Structures are given as C-alpha cells and as structure tokens.
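Engineer: Residue numbering for the sequence shown is 10 to 335, as defined by the numbering used here.
Just so you know, these hints were derived from the structure itself, not from any lab.
Please note that a few of the clues may not be correct.
Straight-line alpha carbon distances no greater than 27 Å define the calculated DSSO-like cross-link-like pairs of lysine-lysine that follow [stated by the list, open to error]: (1) K85 x K130; (2) K160 x K134; (3) K33 x K69; (4) K161 x K134; (5) K33 x K97; (6) K97 x K12; (7) K130 x K160; (8) K85 x K199.
Pairwise CB distance ranges (calculated) [claimed, not checked]: (9) H76 x Q179: 41 to 51 Å; (10) N145 x I300: 21 to 31 Å; (11) H203 x I297: 15 to 25 Å; (12) H203 x I314: 23 to 33 Å; (13) N317 x A237: 18 to 28 Å; (14) L272 x V315: 12 to 22 Å; (15) L307 x Q142: 46 to 56 Å; (16) I297 x P135: 19 to 29 Å; (17) D144 x D77: 51 to 61 Å; (18) R303 x H194: 44 to 54 Å; (19) I244 x L307: 43 to 53 Å; (20) Q179 x D234: 42 to 52 Å; (21) A237 x A321: 15 to 25 Å.
These numbers come from a predicted model, not from an experiment.
The beta carbon of each residue, even a glycine, is placed where N, CA and C say it ideally should be.
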Amino acid sequence: MKKNVLINLVVIIVLLVAGLLVSKNDMRNYQRLMDRGNIQDGALIFPSRSQQSIPTALRKMQAHNLHDFQIYFIQKKNPDLSYVYMSKHLTKVPMNSGRYFSENDFASPIPFVVLGKDVYKNTYKPQTQPYFQMDNNYYSVIGSVGMTNTKKLNRHIFISTSPNQYDKTQLKHYQIVVDGNILHHPQHLKQMQHILKAHHLYRSANKINNIHQTWWIRWGVTLFDLLALAIVVIILCWFAQVPMIQLLKNTPLRGDLLADFQLGNWFKFFLTEAITFIIAAAIIFLKIPIISTRYMSLYLFTVFIVVNIIAAIRIFIVKQQKEWQD
C-alpha cells in the first residue's frame, strides 16, 4: 500500500514536470509570436510588384467592403519597420507604456507610431509628447512595446496607416502579410490579391521578421520530451499494478467469481489513478501558467487512458492464463 502511494506521488511529480515543460514551451512560442508582431503562423503573404502606395491599396479594399483583417507592410530593406492597418479585427502586443493602435488611428489622416522599447529610448521629447524622427519627418509616438526576451519586438517600429493617408510608399518594397478572419473567406482573399496585384500567395509559417515559426519549432522537441515523460508514467503505473497482478494470479477463484474479482481490482486501480491524475491536473492548471490548456488536457487524458488500457490488458492476460491452466 505504501509502495503504491509513493509510486503515485512520483506519477504526480512527473506529470507536473510535463506541465512545466508545456508552460515553458508556451512562453517561448508566445515570445516568438510577439517577435513576429503577433502575426499568426497561418497568415498569408502577398508578394507584390505594384507601384501603388499603401493608402491607395487600402482605399480600394475599403471600396470593395473588405474587412475583418489585419494587414502588415513589412519593409524589405528594414524588417524592423512595418506599416499596420486593422479593420474591425484588432490585435495587440505587450505594452510597456502608452497604448497600441485603435480604430480611430486606422481612420486618421495622420500616422502614429508605436515603438519597441529599445527604439523608444531614442525618441525626441520637446515636452511630454515623444516624437520619432524618420526620413526627415517627426511622428507622434503613442506607445512602447516589448518583453524581456523579445529582441525583435523590442526594436520594431510600427506605423499606423489608413485609407485617409497619402504617402509615397510603394507596395513592391514591402512584404505584405494578411491575418485575421478574412483568411476564412477565399473570395475576399481573391479580391485582395487582385487589389495588391499579387500573382500568388502563400502561408507565412516560413518566415516573418526573420522569425521562423514552423510546427516543429513550436512543438517538436517538447513533444519528444512529453512522450518520454508519458513512458515514465506508464512504467511507474506498471509497477503499481504488480501487487494486483500477483493477487489475481494466486487467487483460487474461477469463472464468474474470478471475473468479478478482476473487475473489482481493475476498478480500484482505475479509481486510484483517476484521483492521481485529477490531483496533478488541478495543480497544473491552478499553479502553472499554461496557454495551451487544450493540448495539456488532451495529453493528461491520453496518458490516463493508455495506463488503464494496459492494466485491463494485463488482467485479461492473467484470466486467459488461468483458463488455459484449467
């Protein structure tokens, strides 16, 4: 009994380690996502050679009633600078001070700037309002963004753009990335592709702001670690079953009495492991910061099911062996 209690305590510890791994992986992926300006890996890239300006393209999108999207125009010669426009579907990045762009900014004839915290240090402050100088122009800075480990985000320059602005930008000098609910509307994407004069489009999982965000980078190594921990849990539960298996082998019961006895022992094991996994899950979700709660829940549920299936198979094998002996 004491041995099984100790084994289940170790199982809880191993599952907590799995939770910590997922938490660490979530933080790493979140930092990468923020380094990409909060652009999801499923966003679309529209390569364009058009000479039309960014506001001109936005006016055409507005005329075609395209909305529910974010569009980023990332400068090719300087990936740390991007023009941003969002229609109805607004996203944010971690703020250090001030605020991020609002709907009013994306309708303003005047561009505003949000700076990474490393760039923010170089702003010009004649009074309380900071300004950022670029191409002999001064832009009003409305906020500073960044985190401890987001080097790309910390030095990025976000400039709001809108259909009501006029500038000398040309689409061919920018990597155009589209994100948001519009990705679920192929017809709207075709209209946008035509407006941007992009011959083709492709998913952005390969590279944005020089930050790779493929599935393997996000989950590959962590998945192997979680698999290794799952094997450890299965082995521990295998040893926890040893007294039960020995008891089943040595019992003189046969027939229906043996079946009832086996079922009762399996249910006792099932209940014990259920309590063990519930305790582990409660600690994980209450004490460990996890973003991927769905994946973590699926992992715990899968390991729990596998452990109990193995226990049921071992009991069935013992039953078959007894029948052969008779």
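Engineer: How does the Cβ-Cβ distance of R303 and H194 compare with 44 to 54 Å: does it lie in that range?
Structural biologist: violated (25 Å)
Engineer: So if I understand the rule, the pair passes when the alpha-carbon distance is 27 Å or less; does K85 with K199 pass?
Structural biologist: holds (24 Å)
Engineer: Holds or violated: are the alpha carbons of K33 and K97 at most 27 Å from each other?
Structural biologist: Cα-Cα ~32 Å, so violated.
Engineer: Given the hinted pair K161 and K134, is their Cα-Cα distance within 27 Å?
Structural biologist: Roughly 24 Å separates the two Cα atoms, so the pair holds.
Engineer: 19 to 29 Å was suggested as the range; check whether the CB atoms of I297 and P135 agree with it.
Structural biologist: With a Cβ separation near 47 Å, I297 and P135 fall outside 19 to 29 Å, so the hint is violated.
Engineer: Go ahead and decide if the range 15 to 25 Å is satisfied by the Cβ distance of H203 to I297.
Structural biologist: violated (48 Å)
Engineer: Within 27 Å, alpha carbon to alpha carbon, are K160 and K134?
Structural biologist: holds (24 Å)
Engineer: That 43 to 53 Å hint for I244 and L307 (C-beta), does it hold up?
Structural biologist: At 21 Å between Cβs, range violated.
Engineer: Checking one constraint from the list: CA of K130 to CA of K160, max 27 Å. Satisfied?
Structural biologist: Holds, at about 15 Å.
Engineer: For Q179 and D234, compare the CB-CB distance with the range 42 to 52 Å and indicate the outcome.
Structural biologist: holds (47 Å)
Engineer: Do L272 and V315 keep their Cβ atoms within the hinted range of 12 to 22 Å?
Structural biologist: Since the Cβ atoms of L272 and V315 sit about 20 Å apart, the hinted range of 12 to 22 Å holds.
Engineer: Using the Cβ atoms, figure out if N317 sits within 18 to 28 Å of A237.
Structural biologist: 20 Å Cβ-Cβ, so the 18 to 28 Å window holds.
In terms of the numbered hints stated before, the structure departs from hints 3, 5, 6, 9, 10, 11, 12, 16, 17, 18 and 19, listed from lowest to highest.
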